[in-house]
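Protein chains: 2
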Amino acid sequence: MSSTALPQPEPMTGLPSRVTVYEVGPRDGLQNEKSTVPTQVKAEFIRRLIDAGLETVETTSFVHPKWVPQLADASELLADLDEAGRSPLRPVLVPNERGLDRAMEAEVEAVAIFGSATETFAQKNLGRSREESVEMFAPVVKRAQDAGMWVRAYVSMCFGDPWEGPVPVDRVADACAELMDLGCDQLSVGDTIGTGTPGHVEALLAALEKRGVGVDRVGVHFHDTYGQALSNTLTALRAGVGVVDASTGGLGGCPYAKSATGNLATEDLVWMLNGAGVETGLDLDKLVATSVWMAEQLGKPSASRVVKALSGA
Amino acid sequence: MSSTALPQPEPMTGLPSRVTVYEVGPRDGLQNEKSTVPTQVKAEFIRRLIDAGLETVETTSFVHPKWVPQLADASELLADLDEAGRSPLRPVLVPNERGLDRAMEAEVEAVAIFGSATETFAQKNLGRSREESVEMFAPVVKRAQDAGMWVRAYVSMCFGDPWEGPVPVDRVADACAELMDLGCDQLSVGDTIGTGTPGHVEALLAALEKRGVGVDRVGVHFHDTYGQALSNTLTALRAGVGVVDASTGGLGGCPYAKSATGNLATEDLVWMLNGAGVETGLDLDKLVATSVWMAEQLGKPSASRVVKALSGA
Chain A
10 MSSTALPQPE PMTGLPSRVT VYEVGPRDGL QNEKSTVPTQ VKAEFIRRLI
60 DAGLETVETT SFVHPKWVPQ LADASELLAD LDEAGRSPLR PVLVPNERGL
110 DRAMEAEVEA VAIFGSATET FAQKNLGRSR EESVEMFAPV VKRAQDAGMW
160 VRAYVSMCFG DPWEGPVPVD RVADACAELM DLGCDQLSVG DTIGTGTPGH
210 VEALLAALEK RGVGVDRVGV HFHDTYGQAL SNTLTALRAG VGVVDASTGG
260 LGGCPYAKSA TGNLATEDLV WMLNGAGVET GLDLDKLVAT SVWMAEQLGK
310 PSASRVVKAL SGA
Chain B
10 MSSTALPQPE PMTGLPSRVT VYEVGPRDGL QNEKSTVPTQ VKAEFIRRLI
60 DAGLETVETT SFVHPKWVPQ LADASELLAD LDEAGRSPLR PVLVPNERGL
110 DRAMEAEVEA VAIFGSATET FAQKNLGRSR EESVEMFAPV VKRAQDAGMW
160 VRAYVSMCFG DPWEGPVPVD RVADACAELM DLGCDQLSVG DTIGTGTPGH
210 VEALLAALEK RGVGVDRVGV HFHDTYGQAL SNTLTALRAG VGVVDASTGG
260 LGGCPYAKSA TGNLATEDLV WMLNGAGVET GLDLDKLVAT SVWMAEQLGK
310 PSASRVVKAL SGA
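In the order they appear, the protein sequences are chains A and B.
When we follow this note's numbering, the leftmost residue of the first sequence carries the number 10, and every step to the right adds one.
When we follow this note's numbering, the leftmost residue of the second sequence carries the number 10, and every step to the right adds one.
Hints in this document: simulated from the structure, not taken from any laboratory.
Small disclaimer: the values here were computed from a predicted structure and weren't measured.
Hints should not be assumed to be uniformly reliable.
Stated by the list, open to error - Here are the simulated lysine-lysine pairs, DSSO-like style, with alpha carbons at most 30 Å apart: (1) 133(B) <-> 309(A); (2) 309(A) <-> 43(B); (3) 309(A) <-> 75(A).
Could you put together the complete structure from these sequences and hints?
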């Protein structure tokens, strides 16, 4: 495919002029890949992403290695990254106060916590009730903010839950608002199992607005398990959302579905945004080259359709 | 994945209450698969699609077997299908008057012609200039309509062209209108190489409207080569389009890209429409079962993300 086939920029009605891509490949992507990548490869991955124009990159996680062995090298990685890992634009995931301690030791300047919209997933993933998990996060957020850190709140299972089925939007909005009320700077609404659809996205964003969490504080996090990630993203952008989580190369699986399809691929998102004349500041060719390189490291092809089309993978 | 994870129906603003899925798997899908499927398997495929609720199914093509050997058995297939192949809802592709003759011999009641938005593709695919191709189609459409047949006009390369790059929307609208002016009942706007994006879809539909081809006569035909098919479809539906081409299981490759990704998968479309509360009359479980069965026939997994997620393929 020659570069003459690049999409024709046609400004689209109702979209923001600029979108922030929040890159989750190094953390959410790699933690859901079967193979574990060497620390140096992770560091090079992150440097290549930054070089491709990605400003916001979640670098790693201080979850206990027993749960996420793929990211057991968080401290070493941050030492390797040095300056590149210390910015309000380079968050790390922290599950609790112990994780926050380690993040502080590593001198990172932004953290993300990880809550649940449903009771079942809170029990299974956090080992406590939803209410107890909010209590657990309260001192994490407070201490992080007191230390001048930027704080993001992920909420999982905001659309469907593998045990509970579709989750009512008002219940999700309440769960999100409880975390935001702790003082978080940004919410990431996660469709962890990828079952959400555009109408559901509209409804949830409206419910969040009603609970006082406006679109200016909301990022969206879609998985492409059912092929809906980009349509859902388009719907969120039309509703005023300006931050979209994506994973370069579509890295990451879905731990709660048999399908191997994971996060929305950064490249597929950028293709759409480039076509709509929405600025992202990203260099698509560099992203694709990075995904081709990472596919070699992982020994499996990229899940991104744009990467496949442009690289012939 | 349990069925409790089915999407929560949330009516979406600005969508039609009902969408017609125009199934292209047996024709556009199978003609772009490497392996050729036995006639009996094709017939069973079509019967299963009809049983899953698909009313409009393009069954085959009377293009010369030299060009499309996969569909060389068109007459035999239609004989096998018998009544099921004779309805205004069961079009066959005809490239010229000779093809129309064969379609008439087979007593089909609907045909589709296949034009090009670009000069280069007309030369390469039709072996003549765009203008000459319109002249060639004129008697095909006239004779078909005189015989009481329903006529659809496909137009290829309506967004990008592998040789010419992005195609200006006014030029595409002119090319489409010329075919519609011959008296065709429906237009299918094709993104043959899959590079189109939502803003481009909006712009093209507006250009068509200006040329007198309103959305009530337009179907959209997207390929998922760059992951844009469903977002583009959503955009077209919001603009008032009510007919969407799709291929069960995502059958079909892209002959003009190295990528193997083909047509929008019917299941992925239905998942979105079910979620948005848009009626299609389709049974998703039956479609998925059909794709699993067809994947066995072809010896390759379905490209549909919904099929993969629900079947664990």
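Restraint check for residue 309(A) with residue 43(B), where alpha carbons must lie at most 30 Å apart: Distance of about 23 Å is within 30 Å: holds.
For the pair we were handed, residue 133(B) and residue 309(A), check the Cα-Cα distance against 30 Å. Not satisfied, since the Cα-Cα distance of roughly 36 Å exceeds 30 Å.
What's the verdict on residue 309(A) and residue 75(A), does the C-alpha distance respect the 30 Å limit or exceed it? holds, 25 Å
Comparing the model with each earlier hint shows a violation of hint 1 alone; every other hint is respected.
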